[in-house]
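K.L.:
Given the coordinates of chain A, work out where chain B should sit on it, guided by the hints.
Protein chains: 2
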Amino acid sequence: MVIDLQFRSGLCFSEVNRMKSLLFSTGVFSRSEIDVVEELALEHINKGIASGYHFITCQTPTQLCGFSCFGPDACSNGSWHLYWLAVDRNVQHEGIAGSLLQAVKKEILPCGGRSLYAETSSKVSYAPARSFYEKSGFGSEALLKDFYDVGDDKVIYSLRL
Amino acid sequence: MVIDLQFRSGLCFSEVNRMKSLLFSTGVFSRSEIDVVEELALEHINKGIASGYHFITCQTPTQLCGFSCFGPDACSNGSWHLYWLAVDRNVQHEGIAGSLLQAVKKEILPCGGRSLYAETSSKVSYAPARSFYEKSGFGSEALLKDFYDVGDDKVIYSLRL
Chain A
0 MVIDLQFRSG LCFSEVNRMK SLLFSTGVFS RSEIDVVEEL ALEHINKGIA SGYHFITCQT
60 PTQLCGFSCF GPDACSNGSW HLYWLAVDRN VQHEGIAGSL LQAVKKEILP CGGRSLYAET
120 SSKVSYAPAR SFYEKSGFGS EALLKDFYDV GDDKVIYSLR L
Chain B
0 MVIDLQFRSG LCFSEVNRMK SLLFSTGVFS RSEIDVVEEL ALEHINKGIA SGYHFITCQT
60 PTQLCGFSCF GPDACSNGSW HLYWLAVDRN VQHEGIAGSL LQAVKKEILP CGGRSLYAET
120 SSKVSYAPAR SFYEKSGFGS EALLKDFYDV GDDKVIYSLR L
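Chain order of the listed sequences is A and B. Under numbering that gives the first Met the number 0, the first residue of the first sequence carries the number 0, and numbering increases by one thereafter. Under numbering that gives the first Met the number 0, the first residue of the second sequence carries the number 0, and numbering increases by one thereafter.
Certain hints may be false.
[As the list claims (entries may be wrong)] Listed next, the stretches of chain B that the computed footprint assigns to chain A, with coverage defined by at least 3 CB atoms under 8 Å from CB atoms of chain A:
hint : segment
1    : 69-75
2    : 108-121
3    : 137-147
Just so you know, the hints here were simulated from the structure itself, not pulled from any lab data. Glycine residues also receive a C-beta, built at the ideal position from the N, C-alpha and C atoms.
Excised from the complex, chain A in its bound form:
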């Protein structure tokens, strides 16, 4: 059981490598996917939420346990994207992902957020992610056949806030 968890909005430079290590620890994400999150993190550090990317981290006094990256869809009125929600392999199944999602919703609602969208893969290795979304109230709204690769579809989940 992890105690003394803090959920913080924002990100500082020293946390970027810890986020990357955390993603590697899960064994789920490819190198290029991890490069994408680094890019979004640096955008956020340079421009703040004007970058379009919000971050919330979950930390103990000594460790980064998880994080979420999300942001408003620039062409919509009230639709937000949940780009990343990841928890360190060593502290999974302790409710941290659910608490991160609650923190995300709490930040989005006062900004006029109506819906939160999450996209994930149809591959077996992403079954825990799909299961998490379904248990958290997201509905599977669309499927893009072979989007990520041949035989690897994109599933689009949405959550009404």
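P.N.:
Same frame as chain A, now just chain B:
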């Protein structure tokens, strides 16, 4: 009939304001949507295709007639997004959009592009865009209810290359 059309890959700084005027001329796009294309254009000018955004313009010796902005999906193997395809209001219905789409496909195929995705609104004012995609071989693959706003769905089209 517009003659002496040139299709060019890339973009220079002086073309950004011409692109914005062209988008205003169509009467379809909102201010914030036009701001997004400016942002992508400046990214492209600063970083080239490393920005993730490709541009093709269609020009006469004196006028910008249309442009397209597109790029690979960073998390996929072979899926590309058609972010924008716009033609000046004064030269619409002359086949320029179709020629731009051909130029986009020609640039994507040697890069290993398998599919091209286009997203648009379900609103009546976007009927010409939807009709163009359908006539050009795109299929409507998904619909995200109320995505852009309440009563304004996102339609996702895909074209297999």
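K.L.:
Each hint: holds or not?
P.N.:
Quick rundown of the hints versus the structure:
1. 69-75: holds (count 4)
2. 108-121: Three-residue rule met by the segment 108-121 of chain B, so holds; n is 3.
3. 137-147: holds (count 8)
This entry satisfies every hint, going by the numbered hints stated previously.
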